[in-house]
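Kindly generate the complete structure, drawing on both the sequences and the hints.
Listed below are the residues making up each chain.
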Amino acid sequence: MLRPRVVVCLDVKDGRVVKGVNFEGLRDMGDPVELAARYEAEGADEICFLDISASHEGRGTLLDTVRRTAEVLFVPLTVGGGIRSADDIGPLLRAGADKISVNSAAVRDPSVLTEGARRYGAQCIVASIDAARQDDGTWRHYTHGGRTRTDLDAVAWAASCADHGAGEILLTSIDRDGVRGGYDLELTRAVSDRVDVPVVASGGAGEAAHLRDAFLEGHASAALLAGILHEGLTTVGELKAALTGWNVPVRPYRRATSP
Amino acid sequence: MSGQREVAERGRRLAVALFDYGVGNLHSLGKALEHAGADVLVTDDWSAALAREVLVLPGVGAFAAALEALPDDRTAIVERIRSGMPVLGICLGMQLLFDTSEEGEGRGLGVVPGRVRRVRAGVVPQMGWNEIEMGEDPIFEGLSELVAYYANSYVCEPRDAEDAIGWTECEDDRFAAAVRRGSIVGVQCHPEKSSTAGRQLIANFLRDAERRVRAGAEAAR
Numbered sequence: 001m002l003r004p005r006v007v008v009c010l011d012v013k014d015g016r017v018v019k020g021v022n023f024e025g026l027r028d029m030g031d032p033v034e035l036a037a038r039y040e041a042e043g044a045d046e047i048c049f050l051d052i053s054a055s056h057e058g059r060g061t062l063l064d065t066v067r068r069t070a071e072v073l074f075v076p077l078t079v080g081g082g083i084r085s086a087d088d089i090g091p092l093l094r095a096g097a098d099k100i101s102v103n104s105a106a107v108r109d110p111s112v113l114t115e116g117a118r119r120y121g122a123q124c125i126v127a128s129i130d131a132a133r134q135d136d137g138t139w140r141h142y143t144h145g146g147r148t149r150t151d152l153d154a155v156a157w158a159a160s161c162a163d164h165g166a167g168e169i170l171l172t173s174i175d176r177d178g179v180r181g182g183y184d185l186e187l188t189r190a191v192s193d194r195v196d197v198p199v200v201a202s203g204g205a206g207e208a209a210h211l212r213d214a215f216l217e218g219h220a221s222a223a224l225l226a227g228i229l230h231e232g233l234t235t236v237g238e239l240k241a242a243l244t245g246w247n248v249p250v251r252p253y254r255r256a257t258s259p
Numbered sequence: 001m002s003g004q005r006e007v008a009e010r011g012r013r014l015a016v017a018l019f020d021y022g023v024g025n026l027h028s029l030g031k032a033l034e035h036a037g038a039d040v041l042v043t044d045d046w047s048a049a050l051a052r053e054v055l056v057l058p059g060v061g062a063f064a065a066a067l068e069a070l071p072d073d074r075t076a077i078v079e080r081i082r083s084g085m086p087v088l089g090i091c092l093g094m095q096l097l098f099d100t101s102e103e104g105e106g107r108g109l110g111v112v113p114g115r116v117r118r119v120r121a122g123v124v125p126q127m128g129w130n131e132i133e134m135g136e137d138p139i140f141e142g143l144s145e146l147v148a149y150y151a152n153s154y155v156c157e158p159r160d161a162e163d164a165i166g167w168t169e170c171e172d173d174r175f176a177a178a179v180r181r182g183s184i185v186g187v188q189c190h191p192e193k194s195s196t197a198g199r200q201l202i203a204n205f206l207r208d209a210e211r212r213v214r215a216g217a218e219a220a221r
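So the protein sequences, as listed, match chains A and B.
Terminal number for the first sequence in my numbering: 259, no gaps in between.
Terminal number for the second sequence in my numbering: 221, no gaps in between.
Calculated directly from the structure, the hints in this document are not laboratory data.
Treat the hints with care, as some may be off.
What the hints assert, rightly or not - Taking lysine to aspartate or glutamate and the DMTMM-like style, the derived pairs with C-alpha atoms no more than 20 Å apart in a straight line are:
id, chain 1, residue 1, chain 2, residue 2
1, A, Lys19, A, Glu34
2, B, Lys31, B, Glu210
3, A, Lys19, A, Asp175
4, B, Lys31, A, Glu217
5, B, Lys31, A, Asp64
6, B, Lys31, A, Glu71
7, B, Lys31, B, Asp208
8, B, Lys31, B, Asp44
In this text, all values refer to a predicted model and were calculated from it rather than measured experimentally.
Structure (structure tokens):
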């Protein structure tokens, strides 16, 4: 039986993990290589780097960061942010990423998903959906880190991405992101029930029960979280212990020892 | 002097070729092999690869794309493998050991009889951690339970049931999680992405491969 996954996300800028503080600036949270390895040791099933570097120099640094991370990390690594075409995918995979997540480029031209899947296999192409609830109760897809509203219905767009070759959907609720009141379960369920690829729920994790709900009620294959771990409010091990207590069959947490 | 003719001495690191099809991530696998004591050569040159003691076929990419990395004449590869070179095929690398695949045109190496078919599940790819029911095999030594990372849409169906040494269930499907045919081992999961347990499996494979290489060298004397 496939285990529901706990994915830890790190925002990476110019080779450092950063965290926004009330939109007024970014705080340095540490070295991505060290943090990724620490989260694996705590029981994370997967690590996700979201690159928010804007410059070319930042992108070069990202490749180096991915390379150094892949040498010490023995769980899957997804890298997203700044992918403009299928040609940007290869170097990241070569550097050590296992999956690449794409948002804006797929809206401009969905063939980036098709071409990526053809070259590298669907299992490493992730379509990132940033969804915000509209007044009519539907969800709209946004690009450019949630700044640009598109005219795409988020659920239909997720299905279209899967049809175009994406092997996974990373589904973020813009409304819930950072609020810590739980994932948008309706959105998560709407997408999970619509597509036949795995869905990673993102945005809103505040406690273990939120992850449980994402799996059981949202039908998500994985739940992504960031802030509550980075701030030390809980650990992956604690979350997994709680999930196991509720009979959610996550991968057993064991303190990693180097063989 | 080529690696295959060298006697594997105790304490010397096993000469492993990690074949590079030119697409995927080899860093984690390379590091996992090195941590387990191997001397790893990453190469896209088959003659260099076959001159090593052990061959590792990694698992990223599409079947057809990986076949392009195989030479038209596979005789040398197949002969070297059949003569006892320990091989570890991972995910797609496991699938390449078989005859044919539903995923794409062309023939695999055919060193393990059977075919590759699509996973029979509602959600495909199978992406995530799944349990392996372990049979008796040195690669599972010391592992009381094994939950490993998978990222695959296709699985192997060995013609000879006894080639399967491990099983995994995905929804209603049950497939060969691992195969062994003599010195040839294939695993459908990604041990290099399966944290501590996966690294143990890699170390186990190398330990068994080393025994086989040494026994082969003894027999040749």
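Cross-check of the supplied hints:
1. Taking the CA atoms of lysine 19 of chain A and glutamate 34 of chain A, the gap is near 16 Å; set against the 20 Å cutoff, the hint holds.
2. For the hint linking lysine 31 of chain B to glutamate 210 of chain B, the alpha-carbon distance of about 18 Å falls within 20 Å, and the restraint holds.
3. Annotation: proposed proximity of lysine 19 of chain A to aspartate 175 of chain A holds, straight-line Cα distance about 18 Å (limit 20 Å).
4. Taken as a hint, the lysine 31 of chain B and glutamate 217 of chain A pair is broken in the structure, with Cα atoms around 39 Å apart against an allowance of 20 Å.
5. Straight-line distance between C-alpha atoms of lysine 31 of chain B and aspartate 64 of chain A comes to about 16 Å, which keeps the hinted pair within the 20 Å bound.
6. The suggested pairing of lysine 31 of chain B with glutamate 71 of chain A holds, with an alpha-carbon distance near 6 Å, which does not exceed 20 Å.
7. Under the criterion of a C-alpha separation no larger than 20 Å, the hint pairing lysine 31 of chain B with aspartate 208 of chain B is consistent with the structure, at around 19 Å.
8. Restraint check: the Cα-Cα separation between lysine 31 of chain B and aspartate 44 of chain B comes to about 18 Å, which is no more than 20 Å; the hinted pair holds.
In summary, the one numbered hint that this structure violates is 4.
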